[in-house]
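Q: Okay, here's what each chain looks like letter by letter:
Number of protein chains: 2
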Amino acid sequence: MKFKRNERIGGIVKILSDSPNRIFTLSYFTQKFNAAKSTISEDILIVKNVFEKLKLGKVITIAGAAGGVKYIPKVSSEDAREFLSELCEQINDPERVLPGKFLYLIDIIYSPQVVSKVGKLFATYIDYSSADCVVTIETKGIPLALATANAMNLPLVIIRKNSKISEGSSLSINYVSASNEKIQTMSLSRKSLKEGSKVIIIDDFMRGGGTLKGMQDLMSEFKAEVVGKGVLISTNAPEKKLIEDCISLMKLVRIDAGEVKTIPNDEIIK
Amino acid sequence: MKFKRNERIGGIVKILSDSPNRIFTLSYFTQKFNAAKSTISEDILIVKNVFEKLKLGKVITIAGAAGGVKYIPKVSSEDAREFLSELCEQINDPERVLPGKFLYLIDIIYSPQVVSKVGKLFATYIDYSSADCVVTIETKGIPLALATANAMNLPLVIIRKNSKISEGSSLSINYVSASNEKIQTMSLSRKSLKEGSKVIIIDDFMRGGGTLKGMQDLMSEFKAEVVGKGVLISTNAPEKKLIEDCISLMKLVRIDAGEVKTIPNDEIIK
Chain C
1 MKFKRNERIG
11 GIVKILSDSP
21 NRIFTLSYFT
31 QKFNAAKSTI
41 SEDILIVKNV
51 FEKLKLGKVI
61 TIAGAAGGVK
71 YIPKVSSEDA
81 REFLSELCEQ
91 INDPERVLPG
101 KFLYLIDIIY
111 SPQVVSKVGK
121 LFATYIDYSS
131 ADCVVTIETK
141 GIPLALATAN
151 AMNLPLVIIR
161 KNSKISEGSS
171 LSINYVSASN
181 EKIQTMSLSR
191 KSLKEGSKVI
201 IIDDFMRGGG
211 TLKGMQDLMS
221 EFKAEVVGKG
231 VLISTNAPEK
241 KLIEDCISLM
251 KLVRIDAGEV
261 KTIPNDEIIK
Chain Y
1 MKFKRNERIG
11 GIVKILSDSP
21 NRIFTLSYFT
31 QKFNAAKSTI
41 SEDILIVKNV
51 FEKLKLGKVI
61 TIAGAAGGVK
71 YIPKVSSEDA
81 REFLSELCEQ
91 INDPERVLPG
101 KFLYLIDIIY
111 SPQVVSKVGK
121 LFATYIDYSS
131 ADCVVTIETK
141 GIPLALATAN
151 AMNLPLVIIR
161 KNSKISEGSS
171 LSINYVSASN
181 EKIQTMSLSR
191 KSLKEGSKVI
201 IIDDFMRGGG
211 TLKGMQDLMS
221 EFKAEVVGKG
231 VLISTNAPEK
241 KLIEDCISLM
251 KLVRIDAGEV
261 KTIPNDEIIK
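Residue numbers (the UniProt record's numbering), protein chains in the order written: chain C, 1 to 270; chain Y, 1 to 270.
Bound-form chain C, shown alone (with noise of 0.2 Å):
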């Protein structure tokens, strides 16, 4: 089958944007469209100008004999203010505010289209060039770490509360939830991951730190290295937290019976 180059472009940015950070060679473009090398190579240039001119990240080239072209999701800061204001607002309800100061969020975190592009904001701000997964603690972080997962193209690792017999022998570790002061365990199946990776750590909401440390101090259990961490929200209070270099995209300033405000976090928008 012959395509014409319109249809090729479409092509090659659909298998691109499919699978982010993934390389494809050109030898897999020429094969697909029946085209000659040089062909591709100007459709990949048209392609490389498309994202760029409408701000949808970057197709980079890489060279070698392991080269081929991929994409990289990247947020402009414009787009990524008025996703996150617009967020800020939908959170800014009072009825959101549950007894205990707990905030219901599980319809926005849940969301395929708000973690999808949650996921590329974490792959935006924090540097994943040397990271081998993607690690959460379940279960409402999972759908976050899920989407950061795929726009990195790495595999995502979940940490459970118990041990399951379903996933053949653990390690498990006790922490302090700041939240309800309460000693929990969390474990991790010893097949889920290799001694000495390097991880990216996500989850939904910091307030103390305790969760986040205690997946830390898990990694470290696995003689893993933790390269960057990422909640969607943390809190202002209380201001010293228990992990240090967590990148959140927004800040929880006051919650209070009838009174809930986030605000994005113009720190790390760039």
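None of these hints come from the bench; they were simulated from the model. Virtual Cβ for every residue (Gly too), placed ideally from N, Cα, C. Accuracy of the hints is not assured; some may be wrong.
Here are the simulated lysine-lysine pairs, DSBU-like style, with alpha carbons at most 35 Å apart [unchecked claim]:
hint: 1; chain 1: C; residue 1: K240; chain 2: Y; residue 2: K161
hint: 2; chain 1: Y; residue 1: K251; chain 2: Y; residue 2: K223
hint: 3; chain 1: C; residue 1: K74; chain 2: Y; residue 2: K117
To spell it out: a stretch of chain Y is covered by chain C in this simulated footprint if at least three of its residues, at any positions, have a beta carbon under 8 Å from a beta carbon of chain C; those stretches are [to be verified]:
hint: 4; stretch: 52 to 60
hint: 5; stretch: 149 to 159
hint: 6; stretch: 188 to 199
Based on these hints, arrange chain Y on the given structure of chain C.
A: Frame of chain C; chain Y shown alone:
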């Protein structure tokens, strides 16, 4: 800014494929690309052709005031067969058999690349035209369900194994999981599902169907109607499941210490 036809085609493909099943108006594109309606209409015809020729799904035009154009993910039967056969090959590794005849699957069912394809497969084989949301139960089904919700452009609802303080008041039921014959609880936040909703249930694995039956019962408590059910793998034994009309993409034919055999479910690949 002005765009060439090539660039507009690339841009339209990116926008449509990033948001499956979402309607974009012609005006959205005329503004984005600073082009006339007639020009965009021609572009869209070419885009339709690209998707068709490359078997990437369908792009359809919706007439009327709320009209526009949308992308419907569809997987061709060759593509489905090839993908599922490769997945079975990966799964049919004796090292995956855990004590108690459990199957180690989390590397596969948490892989962003695998789940995004599985989501498109469920969107190909399950009729979701009347559905309001995708429902799953924590934890292992979540990535598959999120990818399905994304392909169907529906919100995701996650049933918890215990009720959570950060989700507000909830409704719980007890159910018997066939895999360990224990009575367990599942619960769902009242806010997260409207009465009378039509839902698609997605899970990773079905043996006796106890968990899916539980989810179905919980849906009745919400006066919700289950309009579709899908699991990645169902076992051949027991032949009689506690629920009916559940689509499974793969069949587990045999599992024993040192032996496991799964096959693509040819009945549904069409």
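Q: Which of the listed hints are broken here?
A: Of the numbered hints, all hold.
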